[in-house]
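Following the hints, position chain R against chain H.
Protein chains: 2
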Amino acid sequence: MPKVQVPETDDNMRAFAEKVFASETKDEQVRDEISLFDVAEDCPILHQEMAHHLHADDNAEKRKRLQRSRTMAAPQAAAAPVVVDTPTYLEVPDFQRVAIVGDYAAGVTMDDFESSCKGLYRALTIREKYMRLAYQHFSRTASQFLRQIEGNTFKVEDEVQPVFNAPPKDGEDPLGTSDLPENLGYVARMKDGLMYVYNDAAAADKHQPKDLPHPDYSTFIDDMNFLIALIAQGPTKTYTHRRLKFLMSKFNVHEMLNEMEEMKELKMNPHRDFYNCRKVDTHIHAAACMNQKHLLRFIKRSYRVDADRVVHNLKGREVTMRELFESLNLHPYDLTVDSLDVHAGRQTFQRFDKFNAKYNPVGASELRDLYLKTENHISGEYFATIIKEVASDLEEAKYQYAEPRLSIYGCNPNEWGKLSSWFVKHRVFSPNLKWMIQVPRIYDIFRGRNFVPHFGKMLENIFLPVFQTTIDPQSNPELSIFLKHVTGFDSVDDESKHSGHMFSTKSPKPEEWDIVKNPSYTYYIYYMYANIAVLNQLRRSVSLLSSTIHLTLEVKLMLAVSLGMFFCLHASFLLFRQRGLNTFTFRPHCGEAGAITHLLAAFMTADNISHGLNLKKSPVLQYLYFLTQIPIAMSPLSNNSLFLEYAKNPLLEFHQKGLMVSLSTDDPMQFHYTKEPLMEEYAIAAQVFKLSTCDMCEIARNSVLQSGLSHEEKIHFLGSDYQKEGPEGNDIRKTNVAQIRMAYRFETLCYELNLIKEGLKVE
Amino acid sequence: MPKVQVPETDDNMRAFAEKVFASETKDEQVRDEISLFDVAEDCPILHQEMAHHLHADDNAEKRKRLQRSRTMAAPQAAAAPVVVDTPTYLEVPDFQRVAIVGDYAAGVTMDDFESSCKGLYRALTIREKYMRLAYQHFSRTASQFLRQIEGNTFKVEDEVQPVFNAPPKDGEDPLGTSDLPENLGYVARMKDGLMYVYNDAAAADKHQPKDLPHPDYSTFIDDMNFLIALIAQGPTKTYTHRRLKFLMSKFNVHEMLNEMEEMKELKMNPHRDFYNCRKVDTHIHAAACMNQKHLLRFIKRSYRVDADRVVHNLKGREVTMRELFESLNLHPYDLTVDSLDVHAGRQTFQRFDKFNAKYNPVGASELRDLYLKTENHISGEYFATIIKEVASDLEEAKYQYAEPRLSIYGCNPNEWGKLSSWFVKHRVFSPNLKWMIQVPRIYDIFRGRNFVPHFGKMLENIFLPVFQTTIDPQSNPELSIFLKHVTGFDSVDDESKHSGHMFSTKSPKPEEWDIVKNPSYTYYIYYMYANIAVLNQLRRSVSLLSSTIHLTLEVKLMLAVSLGMFFCLHASFLLFRQRGLNTFTFRPHCGEAGAITHLLAAFMTADNISHGLNLKKSPVLQYLYFLTQIPIAMSPLSNNSLFLEYAKNPLLEFHQKGLMVSLSTDDPMQFHYTKEPLMEEYAIAAQVFKLSTCDMCEIARNSVLQSGLSHEEKIHFLGSDYQKEGPEGNDIRKTNVAQIRMAYRFETLCYELNLIKEGLKVE
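Heads up: the protein sequence lines correspond to chains H and R, in order.
Residues in the first sequence are numbered consecutively from 0, following numbering that gives the first Met the number 0.
Residues in the second sequence are numbered consecutively from 0, following numbering that gives the first Met the number 0.
What the hints contain is simulated information worked out from the structure, not anything from laboratory work.
Only true hints are included.
Intra- or inter-copy, both count: the list cannot distinguish identical chains.
Below are the DSS-like pairs computed for lysine-lysine, each with C-alpha atoms no more than 30 Å apart in a straight line:
id, residue 1, residue 2
1, Lys292, Lys713
2, Lys353, Lys689
3, Lys424, Lys168
4, Lys314, Lys266
5, Lys263, Lys353
6, Lys647, Lys674
7, Lys397, Lys292
8, Lys353, Lys615
9, Lys299, Lys397
10, Lys292, Lys689
11, Lys372, Lys263
12, Lys266, Lys372
13, Lys674, Lys387
14, Lys266, Lys299
15, Lys496, Lys689
16, Lys496, Lys615
17, Lys292, Lys266
18, Lys516, Lys190
19, Lys266, Lys387
20, Lys647, Lys616
21, Lys263, Lys292
These numbers were taken from a predicted model, which means no experiment stands behind them.
Chain H with its partners taken away, still in its complex shape:
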């Protein structure tokens, strides 16, 4: 089994990292230098000529002549097997490639090139390690190159993947509790902000935990410091900046040369077009998943039916809906979208505080409670109904899915119980919805109101109930059922608020963090990630090694990784029936605003992220997100109302360079106008950025890959080989993405990874 090399601790590195952090990496200037490969964005060269040649009947002679430049052999992706009988739909039509002839040092000195490659290699291994530990996804192509660099061979069997539950079969009750696993009898406790699982209470008291490998705290901080140093390192910045410029120009050339050919593939592809490709709204908050008009109609309708129903507790007195509205001096009949006032306008730009207030209809938190909360006097009935109406629209539209976020705050350990009761009671299930849990980073508020004594308690409230239910599912059937439909955790709040704290070995432990000040983003992220990692270990498989042997950290980690692999692909067949619950991915909001370190923390810990705007500010991180193909759910309409004007959104640039972006709505209630918010999001991006159909279908495909849809659904929507990267993994009949595009992306990624391999060889 391949070893994951654990980079050594380096005190100098740490010191340097701290210096860098102190000098605020977030505002670094990226100069826009002119590179050799620049092509003007609207360059009309060849456009017309190519159109003429390629659009007319396939004149093979003519096309041959146009292919003179096709001299580059694509670097061999070692694992790309030679398919002998390629099915027609997998064939990549001939297309024109961009070949770079000569040396590849890309305008930096050989020394700088080597040191950059070394740093990038190490960064890749760091992410790979943490992804495996937590059952999260790591790019297969990147893994293949890492194994080659290490002189090993990549094996598909070694891969670790998140596991989500398949949709219920016909006749199966999605909320059925008949097949809940047995109690394992373990005990879960929190220590230093991390959950530990023990054989029994006695072992717990002695702190003799079972072997569910945690990420090691000091190694994590070393890794983080290494990455902080790397992203500030001059040569690496230059190198990655130039590579990214090259990627951009290369895509522009590719597009000029092959646009027509890509389109031809799509035209030849029967039945499938952009409208009936599956697309997932990868980032949407449940409390704002309806549009403003929908909410308005619902409020009016509820009043017509329920005016005399007791719906609220107003300062200790139970009041009917009529009384509630009277106390607010308004009548639902008069309400309009304007007076409802939930839409973000010019006033919210750069004002996240004002934006948050928009969640209150008519500015009244009472109405938010009544209509947009799961916990209230009517047990969240209205909120459930609204969500089910949204879901029914999606089911009707058939090809659209959404991943709404519900909140767990960590104020109280029974939040999970209440949330899952709401879910089960109102049967808020839809095949077109995959659920996510969002944890707002607002410890400071809770601490200020004395809801929690310290940060550790907040973490315990978030994680302990899930661990307990995982150990004994039948102890809390509703939560067990709900967790079956939850696919991940999100971390949310205003990133532009700076905490001033730097996460380091000297940071207080969560139980010691009892000041009112909020911990830093990175601190939150680490503890969320670490607990999710252990939780996933517990959910997939337990009790193989109930040893109490004390292992060194190094060995533990390696074991963890090996176990991960083993269980995921082999043990799943052996032990699945024993526990084999679904895992959770970590998908925080990241890089919407704030320091660049947020994106660095997510690089280490997150399966994928939402927003990612600030990748613009760090070429090193942007290049790393490209190399590891970390999915980014972008919401340009949300950004347009909050942080960044539409035309300046980096979506197009990221997409062109080959970062894996998807489109999402964030908050239809606040941002969208039409009945189909996700289509509105795609339409506006298509119009403003002039995306081609192939671009749009590629983005839609990315959204399915990024989502918490199950393996079975992904096979159904993308094709049986969707886990393979490159054209092999693309079933154009289902995705409507041109094979030429897939080949271009794959070859481009391999080329960049290959450069790193070459850079390390030199050494």
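Positioned in the frame of chain H, the structure of chain R alone reads:
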């Protein structure tokens, strides 16, 4: 009755105009100088402060203090009556005004100021004259100032307005033929490209026409030459450029100061919000009024039902739909939006020719014939069905209307008969559709194929049938009925194709124009306008003066104007029952591309226009369009695919300056993605340009005013006083436009008109 001063002919002017034309006014440079009133577009000053003060409870004291700058008395619009008991909804809340204290010469010398005002005054009288002659709309406020300048008093009774038919009453058949007027027995003939009406054939042979005043040819050319000279005149260019910059800055200041107050008005306005304001899609082509997905579905559905129906004549052989698709080597079952290939993409940018080809589904003109034509083997049944489906969506959405264009080419005199048969046979009627006739400017193609002998014949084919049917409605009941639902004429085709011909007194008459070359845009426009003017005279009222007295042109024109007024408002009660048919407005595509003279011709002849992008290039014309409030139907998504990138569209700028803009889709089939193209158009504009709700509702109100909706419908949708300008004419309960905004617009327009009055006084 007030006289309309007819400007004298001036040979020097003409010579100058010809020189200017020769030197191609279209590319003149408008320098972007810094003016005293510049305010950066994203200036945050006061935003937050004002929000704080104004949004909080109305603290009257505080607000008083903020109103120190309110010192400017709005220039008195003489006709604005003092309303004693203003209904609440008409009250304009207090708001902060921008006062300019001191002299008003606006940075130009006094001489230049006077000469500019003189020129602008004359330009306004020219437009007023031609609007009245053709029963088209002229700004009431502008008329009031013109009368003041002339020392007269404006009377509402003097106004001329277009007349459209009210929607059918309950139970009334919109296509009923029972009440068609009697035959007048007249004879209509074309001479020199103009229609004349005679008492009988004998009078026609002697060319003794009835007194339906035409625009005089040489006066028209003189007027045009004057305007050409005016828009090229240095001082006027400077003056108007500075006024426009001032208007822009003034609006920005207004917005900063009053945004919150405007929003407050809207929030206080019950029942009404942007969603249930009436909005009209003021520019849409019937052949592309469905979106691509709709067309695709329709094709598939038609095949499932009608595969064995004979639907087409293929090279003389009648074929079934199955055979037709077989001959094209495709099966509808396999069709996708991609293979349908009707959507404009990056390939169509700056390529109108390629865009036109997109009207052919799958690139096959046979399918265009079958699905998108009124004349084909199945009598346009499918096309009618598709349009009725679009109409039914609009009826369901309730608040949306559209004005689709159907083509009359002028190849053949029986085109009108066929079109109206199609209309009546398939009952293509909907209360949410108002019909327009578009005439493509493609004489050159018809002449090249020998379809017509000369341009005069094309004009005759377009107008003669309408004149004949107007004289004897019962001779062609179908056409008479169809004309009841037609509200105007459009002139369409690629404006960027330059003809090279200059319209002048030396231009050949239409009957002499027998070369293959296309006449210029202006030549087309003049003959369209002149015939529509006469047609409207005929349709409103006839036979009062069947005199054969030969009047001088001057007198004729004055008589025409007086008659117009008289008939429209008095005679309508007397003679209405006698004829009193609806009139047609002239609403050409104009300023999408091509020379600036297009916009000049439309200024003289058009009730309103579509596109108007090139107003960017001439400050004088832009200012004139502002002063006369000529409605402009803009389609930024269409422009984005064809001529101008979205972010560069002047829509926002025009709207801010106070030009009267509406939003329209142009071709949903080619440009839009969602099921609600007009909402998509509004949503994208709102997002990209950050329009406020008040902005959007103002644009929606403009669209109703611009449209061919009847007086009755406009009263219903905008309020009973909609014809009044300023806040008096606005019923916020129906339009959701803030009275503060209306007052700002009105005061601003009056201020600018007043400047001209002052400039003329000095003299």
